[in-house]
Amino acid sequence: MTLFLRPLGATPRARRRALWGLALVLPNTLGLLIFFGIPVLMTFGLSLFEWNGIRPPVWNGLQNFERMFFEDPLFWRALGNTLRLALFVVPANMALALGVAVLLNQRLRGRNLFRTVYFLPVITSTVAASVVWTWIFQPSYGLIGIVPGLGEMQWLTRPDLVLIPIAVVTIWQRIGFDMILFLAGLQNVPRILHEAALIDGANNRQRFLRITLPMLSPTTFLVLILNVIAVFQVFDQIYIMTSRTTPGGVGGSATTLTFMLYQAGFVRSEFGYASAISLALFLIVLAITVVQIRLQRRWVYYESEAG
Amino acid sequence: MRKHMILAAAAVSALFGVVAVSAQDAAIEPVACAEPGQLTMWVWDENWATVIGEAINEWTTEYCPGAEVDLQVQPWNQYWDLLRTNIAGGDMPDVFNMSQDRFFFYNSNGALLDLQPYLDEAGIDTTVWGSGSVDPYRSPETNDLYAVPVNWDTIAIFYNKDMFDAAGLDYPTSDWTWDDFAAAAAALTTDDVYGAAVYSEYQAGYPNWIAATGTEPVVDAARTTCTLTEPGSIEALNFLKGLLDQGYMPTISDLGGASADDSFNAWLAGRVAMVSGGSWKLPAALEQADFGWDVVQLPRNPETNRTRSIVHSVGYVASASTDAPDLAANLIIFLGSDAGQRYFAEAGGVAPANPSQQQTWIDSFGDSDVNIQAFVDALQDSQGVTPFDEIWNTMNTELVVNIFDLGQSVEEATAAACDFINSQLPS
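Same order as they appear, the protein sequences are chains D and H. Residue numbers for the first sequence follow our numbering, so the first one is 1240 and each next one is one higher. Residue numbers for the second sequence follow our numbering, so the first one is 501 and each next one is one higher.
Here chain H stands alone, though its shape is the one from the complex (with noise of 0.2 Å):
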């Protein structure tokens, strides 16, 4: 067990390219604030509000005493239309969460605060997050950084070890394939239970699969062409409908809905066997699951022998037409400083963005044998965010739905989305 955490620290501190991990390197520190003042907050995780409330205490107490924040969750669901409401009405919360699909819609209309500066005055070097964090957080003209990250995420999949045990399957390891995958769920499933449901949304399902084959899902990193009709994509997602198709998997109707909490919830549920997830959801599997459970790397692609999973990092950002920007900035700065983000390493869910603390959630998970060196190796091949806002939809609902409700051909629906996907990309 203590192994295994020291090989974890290791591989984590090769993404953030430092020798040790120790508190000394790399700290980022906040500095007090100017002026107090108020501010709004939005955030979209509930975990986090608590997490982030109990920072933003600290930050009230030590840093800038008299500061008060209002800090709002917005649920997932309603986020962004609240936010394009809010930004229309000249209403926008002063500090909120951003993610990395979508910074490029809110950067190029100048609605973001430009944070260097502020970063620059308080001595912190933005190249101490990992290029994966911080740069899709850019300005491309400027290389100018607008956001501060929060956490880094990555997926692996959530198996049921009591199901496992009841049908007499050995538990995965890191180096299973897909045929392994396919055959644990067609053991799983039974009249009540599926054995897996891993293909909801762009995070947490198919694009995964299709990394794995060596394709960039969705769309090319420079933007210019759809690449779901490509073979790789077409394997992938044949691999999905063919599990589908055979009753291993259960349609978006079954789930109740095409969000990847929907998947998740059936797990919880106890009506699937395997999920995808990211390690988002570590804090309602550890509370919620009331069943014997443990996560294991995404399976590799039998002829590329590679299993990649999405990486992404949710941001800080702040609105440029805030009354209140070095207020906002400093808030900001708190919450990825190393006082800020210990909140977030001790409470043992998402891990923090924050070099410095990656140990500190590390050791967070030392009473559960919960396998985090899963999330963490996921690191090692990972795969960037590249869609954009303009295809959220189609490609994240629409595909899935046409191709695992709807019961329409991998190449028709491929094709159907890419005609749409390519319409929007700049020519």
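For reference, chain D alone in the conformation it holds in the complex (with noise of 0.2 Å):
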């Protein structure tokens, strides 16, 4: 019995403890693998086989992802909405989620009705919001049209402009919680490095970009990593705010990959080629995150390594 054990550690002690370990996070273990684990095999399984929901799946090779690299121009479509949403939405939504967490973290009368505030869209229903904004992008009555000029623009139906209401949305459902995480990034900051460095007379910019900015950047890891995860898995937006013209944007212009395998499996009942753009989903954000991993020893600087 303990040959088996040998691997949890050296000293019956350590193993007792590490056995202790596995036990409490056994419950929550096997909730992920039973539901969230299982079915995202299963569904990568599917993708290998033809079934639209009532009749028996039907074995089909590689034909699946046969047709969705070579033969339908809607994937690269979905890919391209997909990389050109996430390349407008992290920038902009770590920028300014950075940017009120630095202002939030002074001394301001009413500073936690503010940090509120923020935090509330995140905790709005992602569909509430999506009608709400709808609304507010209708070109004759929409409240866009406050702004002036930007009200006679068709933001829902034109193809070059409807991915902006999306990346939008996005973004204002998104800051409050990016905020919460720089907020306690930058409450983590030592004082003394910016007191020491106010002694040797650096003003404001100086101790931004030089003591803040890098002990943020574990935080600001976190933060790329979770929006970039966040971004490929749009869809509440897409659904709502294209529904009611036409789903999916005109000739796919509001299609991402999600969106793409939605319709594929809920709307035209191809359930084996959804799980197989979902596995390509899969390996494309899986691709990312391990780049984004290898790269953090170049930027990232955690202070428990300082030499």
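Be aware that one or more of the hints could be misleading.
Capping the alpha-carbon separation at 25 Å, the derived lysine to any residue pairs in SDA-like fashion look like this [as the list claims (entries may be wrong)]:
(1) H:Lys-661 x H:Gly-747
(2) H:Lys-741 x H:Ala-667
(3) H:Lys-661 x H:Gly-770
(4) H:Lys-741 x H:Thr-886
(5) H:Lys-741 x D:Ser-1379
(6) H:Lys-661 x H:Gly-866
(7) H:Lys-741 x D:Asp-1399
(8) H:Lys-661 x H:Ser-674
(9) H:Lys-741 x D:Pro-1398
(10) H:Lys-741 x D:Glu-1391
(11) H:Lys-741 x H:Arg-800
(12) H:Lys-741 x H:Asp-679
(13) H:Lys-741 x D:Arg-1397
(14) H:Lys-741 x H:Thr-690
(15) H:Lys-661 x H:Asp-762
(16) H:Lys-741 x H:Glu-701
(17) H:Lys-741 x D:Tyr-1380
(18) H:Lys-741 x H:Asp-675
(19) H:Lys-661 x H:Thr-642
(20) H:Lys-661 x H:Ala-785
(21) H:Lys-741 x H:Gly-866
(22) H:Lys-741 x H:Asn-893
(23) H:Lys-741 x D:Ser-1492
(24) H:Lys-741 x D:Gly-1490
(25) H:Lys-741 x D:Leu-1400
(26) H:Lys-741 x H:Ala-769
(27) H:Lys-661 x H:Phe-791
Each pair of labels, with its calculated beta carbon distance range [stated by the list, open to error]:
(28) H:Leu-925 x D:Thr-1268: 48 to 58 Å
(29) D:Pro-1278 x H:Asn-609: 20 to 30 Å
(30) D:Gly-1284 x H:Ala-527: 53 to 63 Å
Hint data in this document are derived by calculation from the structure and do not stem from the laboratory. All C-beta atoms in this analysis are idealised placements derived from N, C-alpha and C, irrespective of residue type, glycine included.
Assembly of the complex is requested from the two constituent chains, each provided in isolation within its own frame, with the hints serving as guidance.
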């Protein structure tokens, strides 16, 4: 028996502690496996079949993938849309959230009120928010008309404009969450560093760029990864905001990979194809995350590793 | 008024091929159920849910005591997506509403219960409903009927009489032409009001105008080619686009959405003077319109002199995988029977499919002076529903958005749409 447990630790005591640790995470792990891990594996398996939900699945081999990469122009359009959305949303989100966090880290009257207000969109239902924002972006009588010139543009139908409302809603909804993470990171920047810098005569900008940002880099890294993953999963906004006119946008102009897989699965009942798309999406996000983790050595500064 | 009603009755009976409309002719009698149980039922129309709920009450009292039906309204926008999701999850409703263009997908995959044995057992001759109502619900191989029709509906123009009065125009009559329509739309357009909104969606929108040129809208009946690039389609779409370009019709962005309901709601709100609507919108108009209004047939194409409307029947179907097939079939037969359909007839909304209830339906409008003759007359030269599931998005919204919102030319938009549609048709 102890032979099997040897990998858990060198001494019986270490092994006991390890066992306790495993036992305590078991409920969560089990839940994750049953409700997440197994369905995910089944979905990946389903990508090799063809299934319309009514008749039993039919073996298809790699045909779904062939179709996706070589025959379906919508896949590349959706990938392009997803990347475009990510390139717009992620930097904007991080910059705005950092700005707000820095502002709300100072001693301000009503600071807690402001923090709450910025966090409220995070806990709002995406669906409800999307419905309201759809009406804001209506060309003739939406609130967007307050800004002169913006009121006439067809935000939700023009293929070149339709990603903008979606990006706006995504950013609006997410700033509060990133702000909280940044606030935690900011508060962990040791005060001594700032005080030392002040003594040496550094101004605010130098302190921000040379002390705050580097010390904040672990948080920035976390926010970056979470944001990229979240943008790749954007769905509610697209579904609600384009449903009144053309679902997925004219010519697939608002279709991201997630939306494309929804349409394939739940609108056209091509569950095998949808599973293939979801596997592709998973691998893409995984690849991007791995690249980001590898790159972190270059720019993320962990205080505990300092020499 | 009385003569008007008798004419309407005669026209309707012509549809059903019976010589005189009387209570004894073509009676559809329900039968008692063998064993009560529980059913889930889905519908997409809230008004219908009320009417069907009352019918179900009678069923559980008289014909199937102890049975329970969980009647759920799934909004039209999400109805078909939800149905697909539930099928894949193995959780189909036992009884639900079906439309003619979607029927093929469900039936070809064996998802629906064959109702023919139950209808034969109950002694119901399925030809009693008109061929336009039930033939699209038959299996192509066996000719068995898989659905019992709920209603028939056609399209007409709902117009705001107050606005016509203010503009000094005579009310339209059933022999008015496209040119008369354009003139009226021009005269009715003011700073706050658009003259018309008549292009949205397949059933209530542009295909009716295409059909009036003599072309089958979107795809031919045999479903082999896309007809959007034919001269008749181009003519109709260009006519409608012309009205939009001159400012007499709102764009989709103005309406807030590409659904026919968005156009209709704009009419109810007094922002549009004329709208094309189905007979299923009558309850909404009767309840919510706070201005004088009436209906008139769609205008005639100047060359062909035809006025045509899409005709459709919604059906009740049962899931093939239901636990209680006998019970589901029994409920469906009741809902299609004289007793069950009487509720629809008396509600004064959509016309029931049951031939013996037509007089009741016509009488239910006795007090109001709505010209329902327009809907009945539209049955004469009507166009059956032909498109199919896979192209729904393209021809129902994308084509419309391209032409009537993004300003694409009709030739370009229809060519692109036909490319896609032809790629989806079985080769």
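Results of checking the hints against the structure:
The straight-line distance between the Cα atoms of Lys-661 (chain H) and Gly-747 (chain H) is roughly 21 Å, inside the 25 Å bound, and the hint therefore holds. Among the hinted pairs, Lys-741 (chain H) with Ala-667 (chain H) is consistent with the structure: their alpha-carbon atoms are about 23 Å apart, no more than 25 Å. Of the supplied pair hints, the one linking Lys-661 (chain H) and Gly-770 (chain H) holds, its CA atoms being roughly 11 Å apart against a limit of 25 Å. This hinted pair checks out: Lys-741 (chain H) and Thr-886 (chain H) have alpha carbons roughly 23 Å apart, not beyond 25 Å.
Annotation: proposed proximity of Lys-741 (chain H) to Ser-1379 (chain D) holds, straight-line Cα distance about 19 Å (limit 25 Å). Pair hint Lys-661 (chain H) plus Gly-866 (chain H) holds up; C-alpha atoms about 20 Å apart against a cutoff of 25 Å. A distance of roughly 22 Å separates the Cα atoms of Lys-741 (chain H) and Asp-1399 (chain D); the hinted pair therefore holds under the 25 Å criterion. Taken as a hint, the Lys-661 (chain H) and Ser-674 (chain H) pair is honoured in the structure, with Cα atoms around 16 Å apart against an allowance of 25 Å.
Distance restraint check for Lys-741 (chain H) and Pro-1398 (chain D): the Cα-Cα separation of roughly 20 Å lies within the 25 Å cut-off, and the hinted pair is therefore satisfied. For the hint pairing Lys-741 (chain H) with Glu-1391 (chain D), the CA-to-CA distance comes to about 19 Å; that is within 25 Å, so the pair holds. Our distance criterion of 25 Å between C-alpha atoms is met by Lys-741 (chain H) and Arg-800 (chain H), whose separation comes to about 17 Å. Between Lys-741 (chain H) and Asp-679 (chain H), the direct Cα distance comes to roughly 14 Å. Compliance with the 25 Å bound is thereby established for this hinted pair.
Of the supplied pair hints, the one linking Lys-741 (chain H) and Arg-1397 (chain D) holds, its CA atoms being roughly 18 Å apart against a limit of 25 Å. In summary, the hint linking Lys-741 (chain H) to Thr-690 (chain H) is supported, as the alpha carbons are separated by about 19 Å, within the 25 Å threshold. Simply put, Lys-661 (chain H) and Asp-762 (chain H) have alpha-carbon atoms about 20 Å apart, close enough for the 25 Å limit, and the pair holds. For a cut-off of 25 Å, the pair hint linking Lys-741 (chain H) to Glu-701 (chain H) stands: about 15 Å separates their Cα positions.
Between Lys-741 (chain H) and Tyr-1380 (chain D) the alpha-carbon distance is near 23 Å, which keeps this suggested pair within the 25 Å criterion. Proximity of Lys-741 (chain H) to Asp-675 (chain H) is assessed by CA-CA distance (about 23 Å); at most 25 Å being required, the pair is judged to hold. Restraint check: the Cα-Cα separation between Lys-661 (chain H) and Thr-642 (chain H) comes to about 50 Å, which exceeds 25 Å; the hinted pair is violated. For the proposed pair Lys-661 (chain H) and Ala-785 (chain H), the alpha carbon gap of about 13 Å is at most 25 Å, so the pair holds.
Restraint check: the Cα-Cα separation between Lys-741 (chain H) and Gly-866 (chain H) comes to about 38 Å, which exceeds 25 Å; the hinted pair is violated. Restraint check: the Cα-Cα separation between Lys-741 (chain H) and Asn-893 (chain H) comes to about 20 Å, which is no more than 25 Å; the hinted pair holds. A distance of roughly 23 Å separates the Cα atoms of Lys-741 (chain H) and Ser-1492 (chain D); the hinted pair therefore holds under the 25 Å criterion. Restraint check: the Cα-Cα separation between Lys-741 (chain H) and Gly-1490 (chain D) comes to about 20 Å, which is no more than 25 Å; the hinted pair holds.
For a cut-off of 25 Å, the pair hint linking Lys-741 (chain H) to Leu-1400 (chain D) stands: about 23 Å separates their Cα positions. Annotation: proposed proximity of Lys-741 (chain H) to Ala-769 (chain H) holds, straight-line Cα distance about 23 Å (limit 25 Å). Note on Lys-661 (chain H) and Phe-791 (chain H): the hinted pairing holds, with a Cα-Cα distance of about 8 Å set against a maximum of 25 Å. Between Leu-925 (chain H) and Thr-1268 (chain D), the C-beta spacing of about 50 Å keeps the proposed range 48 to 58 Å intact.
Between Pro-1278 (chain D) and Asn-609 (chain H) the beta carbons are some 24 Å apart, a value that agrees with the proposed interval 20 to 30 Å. At about 55 Å, the CB distance of Gly-1284 (chain D) to Ala-527 (chain H) agrees with the hint of 53 to 63 Å.
The structure fails hints 19, 21 (numbered hints given earlier, in ascending order).
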